[in-house]
Every structure is written in C-alpha cells, then in structure tokens.
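My request is simple: use the sequences and hints to build the entire structure.
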Amino acid sequence: MISRRSMLRTGAGLAAAATVGAPAILHAQTKTLKITTWGGKWGDIMKATVLPAFEKEFKCTVSADQAFPFMPKLQASAKNDPLYDVFHTNSNEQWSALTEGLVMDKFTTKEVPNVADVYSWSVSDKIVGVAIFTSAIGLGYRTDKGLTPPKSWKDLADPKLAGARGGYIIPVNSLGQCHLMMLGKVYGKGLQDLDTAYKALEQLKPIKLVDFTGQMEKMLLSGEVSEGVIHDSGVYRYDGQNQPVEFASPSEGVMALEQVLNVPPGSKVKELAFAYIDYMLRPEVQKLLAEGVWYSPANKKVKLDAKYDAKLLTTPEKVATLIQPDWKWYNARKDDIDARVTKILKS
Amino acid sequence: MSAAANRKPFDAGRAAYLALNLLLVAFLLAPIAIVVVFALNPTPYISFPPVGVSLRWFQKFFAGSDFMNALFLSLWVAACVLVLSVVIGGACALALARGRLPGRMFLTAFFMSPLMLPAILTGLALFQSYLLAGIGRPVWGLIMAHTLVAVPYVLRTTLAVLHNFDHRIEEAAAVLGASPTRVFFEVTLPLIQPGIFAGGVFAFIVSFDQFPVSLFLVMPKNETLPVVLFNYMKFDLDGAIAAASMVSILLALSVVLALERLIGLKAYVKL
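Read top to bottom, the protein sequences are chains A and B. Counting from 1, one number per residue, gives the positions in the first sequence under the working numbering. Counting from 1001, one number per residue, gives the positions in the second sequence under the working numbering.
Keep in mind that the hints were calculated from the coordinates and are not lab data. Think of the CB as a built atom: it goes at the ideal place given N, C-alpha and C, for glycine as much as any other residue. Among the hints, a few may not be true.
Stated by the list, open to error - Non-contacting residues of chain A with respect to chain B, defined by C-beta distances greater than 10 Å in every case (computed): (1) 43; (2) 98; (3) 163.
What the hints assert, rightly or not - Derived list of chain A stretches under chain B, where covered just means 3 residues or more per stretch with a C-beta under 8 Å from a C-beta of chain B: (4) 58–66; (5) 69–78; (6) 216–222.
Stated by the list, open to error - Below, in silico cross-link-like pairs of lysine-lysine (DSSO-like), each with a Cα-Cα straight-line distance of 30 Å or less: (7) 1234(B) to 334(A); (8) 1234(B) to 154(A); (9) 145(A) to 1221(B); (10) 185(A) to 1234(B); (11) 47(A) to 1221(B); (12) 1060(B) to 307(A); (13) 1221(B) to 270(A); (14) 1234(B) to 41(A); (15) 311(A) to 1234(B); (16) 1221(B) to 287(A); (17) 1060(B) to 287(A).
As structure tokens, this is what we get:
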C-alpha cells in the first residue's frame, strides 16, 4: 500500500507539474467542475492529492460527490444542465446512461489526448466513454482452510465449499452479474448462455450473498466464507497485513470491473471535463491511484513499482486474460435476469 | 401463617407473559448489543466471540474529518428541524384542534401524508423540485426536507394532548382578565408542552437518523452522518461504522435524557 509520505511526495510532484501544460483558456477562468467519485481509500487519495493538484493546475474548484446513487441524480437533473460534468461509475451504469442520452459515446484524442496511450480494453467497443482503471474479477480464497488454490471458476462449485462460498445479490451488484455471465461461458456456449448460467447458479447453493464487495472482503477475512467471487483489489489491499486471503485468476479468464469516466453532453464546462479525464489518464496520476488502491492502470506508459507490477494487469499478456462483458446486451434483459436469479437464489 | 401457605401457586399465564416480555426486550436490545461488540472488537470484521477490547474504531471515527463534519452537520440540521417542527407542528395542531377549520380531516391527513409516502420518493421529489427551481441543494433545503417528515410527529403528539384538553381553564384565565397572548403562553402552552416536546424528541431523532430523504439532497462536503456511513460501508466495512452507531445511539439517548431533565417525560407517559 502506498505510504502517506509517498502520497504527499507525489502530490507535491503533481502540484509542481501544475505550472506547465494546462491550456491557457482554462488558466484564465475559475470554474466549478462537478464530478462523481468513489469513497474509501480512493476518495482519500483524491481529496488529499489528486483533486487539489488538478484545482491548482486548472484554477478551478472540483465538487466531488461521493454519495450514492449517482445515476438517479443524473437522471433527475436537466440534460442541458446536468448535475455532473464528469460521471465516474462502473461500465454497466455507463451503458444505461448512454441509452438515455445522459453521457457521450466516445472521446477523440483531440478531446482527451492521453487516450492515445491507453490499452485497447480502455476504449474497446464494450466501453462507453473511457475506462481509466480496471480490476480483475476472479476468486478470493482463504489460505488457512486447506483448500487447493482455485484454478477454474468451476472450483467454486466444489461440494466442500457448501455454505462457505460467497457470491452477490445479482440484481444490485455488477460483480454478481459478471459471475452469472461467466457461468454461461465456463459451463455453456458463452457469456450470453443464460439458461446454462441459471442451471450452474442453482448448483452453487448453498451460497452466502452480499450487496457490496466490502462485505465480501470482510466475510473472507472473518472466515465466514472460504472462497468467493471478488475483484483482485479487494484482496490485494490487505497485502502486508498478514491476512490469510489470496486472489486467484481462473484459467478461463478474469472479468473486467472498469472504472469509467464520461461527460454528459449538456455539461457547461465540457473543456474542463475533458481536461480532467486527460489528467486522470496521466502516468503519474495513474501510478498514484493504481498503487494506492491496487487498480490496473489504463495508460500503457505507467511504470508501477515491482510489487504492484507483479500482480496487476500491466503487460499485454496479462491484459489478454481480461474479459469484458457486453453490458448493452445485459442491461437490455436485466429485468428478466433479475426475476429469474431472484427466484433461484431466494429458495 | 406458615411460609408454605404464603407461597403463591405457580401462575403459568404470568410466567408466559414475563417470558414474552423478556423475549421482546432481548429482540429490541440484541442489535445494540451486536453493535457494542463490533465497536469494541479490534478485528476489522465482525467476529464472535470478540478477541479483545479496543477503542481503535472510536479513535478512527473521532479522528476522521469526514465523520466529524458529518456528525456536526447532522446535529445542526437536527437542532434546526427540532425548532422548526415544534413551531410548525404545534401551530398546526392548535389550528386543527381549535380552529373549526373547514376540511379539518383533510388537512390533518394532508399534514400527516409525509409519513405515508416512502421517504425515498419524498427525497427524490424534493431533489427534482429544488433543481427545477434552480436552488440546487443548499443545507436549508435539507433542513426543510427533514422538517417536512418531522412535523407529523409533533402534530400527532400535540393533537393527542389537545384531545383531552380542558378548555374551561383557558376560559377561566380569560374571564379573570388575561389577554389571549397571556392565556396562550401561561395556560395553553404549559399544558400542551409535554406533547410538543415529545414530538420534538421524535423530530430530532428522525432528522438525525434520516437517510432516504437526505440521500438525494446532500451536497458534496456537506453530507449528513447516515449518508457518510452508508458510503463508507460500501468501501470500508469495519468497526468505525459500529463506533459511529454507538455515538449516534448515545447522542439520541442524551437528547431524551436532557429533555427528561428539562420537562419530564413522565408527563408524556400520561398520553
């Protein structure tokens, strides 16, 4: 984990960089940029370092909303005067927002120059806007329960894990939705083979379900769950804390949990919003956040310290294991899926 | 008489009654007990039996500027809501009970309606209204929203007192020469005070714990404690949440005890 000292040092570096590189037009104005952002360690780093440096460089104020739910608030505000100028969510919500005309589709390198340096997953056809980080969704497991480290998604169905495996309340959690699609892939014809996925889900019972990934982390730490679906950062963040938990990337591939930034078309400070996204893609900002919260950076030029580089998706080979779900397809049938999985899991 | 003769026969009905009451008390207190255990347990997750006693989560809570800002904002909002709802709810109750207003039943139902709507819808509706009116999400907007859902509590408790109110006492004061203002402050208000203050206690607690209405109305860096706790829980589910809950419970209890000392809740019990 990144230390306070190194965070401050990097912050000072970011502040020093504030003297160069910013478009003159932005320097001439004081504006407010309204963004959504996460809480937790991510929020701490943003508030302590990343946002103050951005405000200084672009002579603006950033109003960062950490209070969920973001999507209904954006929906409720006027399209020509949206509540947010930069919309940070996971990919599934970005697709919903695009369907309703609340966000832009893609950015050009003219709008966000650093897009030229990102991995292909960051701007693939499965992404609306641009993904600035991703986590890998795989399996977390206890190392003190005599379990063989999981190699396949199918290992979660091991009868020995009955009642000690963990999953999510699928209608409200995108990791659970990814897991469902992955069940279709590993047991059937592909991510969209829902009938097979439902049957495989049935076989995972009894399974402990949670709403948030934070709850899954705690269930793994407390031993309430011996193996469960989780993103790599949810396990790696306990690195060095002597906790008996480890992350496994199944051989069939890991699912992508992208952190996506986008801009509502009606934003009054669109140039500043683009500048913010470009700033978030800068190698130094990417490195700071990637090492702070164990997210894999989107920018190919980022050089992480060895400890992080060994575990995160920082090479083309490792990136190739990443599977991006088709959220447009999923969202279109979400109501039916929710009804079906609720029926399966409530019994 | 012998001791054996004095001994009462076993009363199965009474025993069942006591057992049921004990079960109910345990049911009500069990969540608080779990919160206490979690708050004092040093592990970053819920474990039972606890492995020790530590104040690290309380230290984290009180050292966190986000938590402290949210706590003070929640207290400030709740205090404002208490005053506003007591004034508005008390006045409404008097008008409804004494004013011979046309459509009295409708008005009573109207004022009570915030309790019947899901609070999340009230929050969303107010959020949209504020945005349409172009006022954004100021703190006073949050206070007004909380007041909206808190007024019915004051209204109901005050109406309950006024239901058994003896008007002849006011008439006697008036006959003896007291002005309407003096009658109100020296006769009416002291008599309905238990109902108003009991409603005020509810209003304070409803505002302090309010989550669904606040969810849409809080501004960045101006978030109330329940909203901060909810967001914190999504990323860091540790004992700081339990410590915050303990602090909330103790604060609510302090308000009740303070009002008990000031006006005496025994008066409310008579309701």
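Please list, smallest to largest, the hint numbers that this structure does not respect. Violated: hints 1 and 9.
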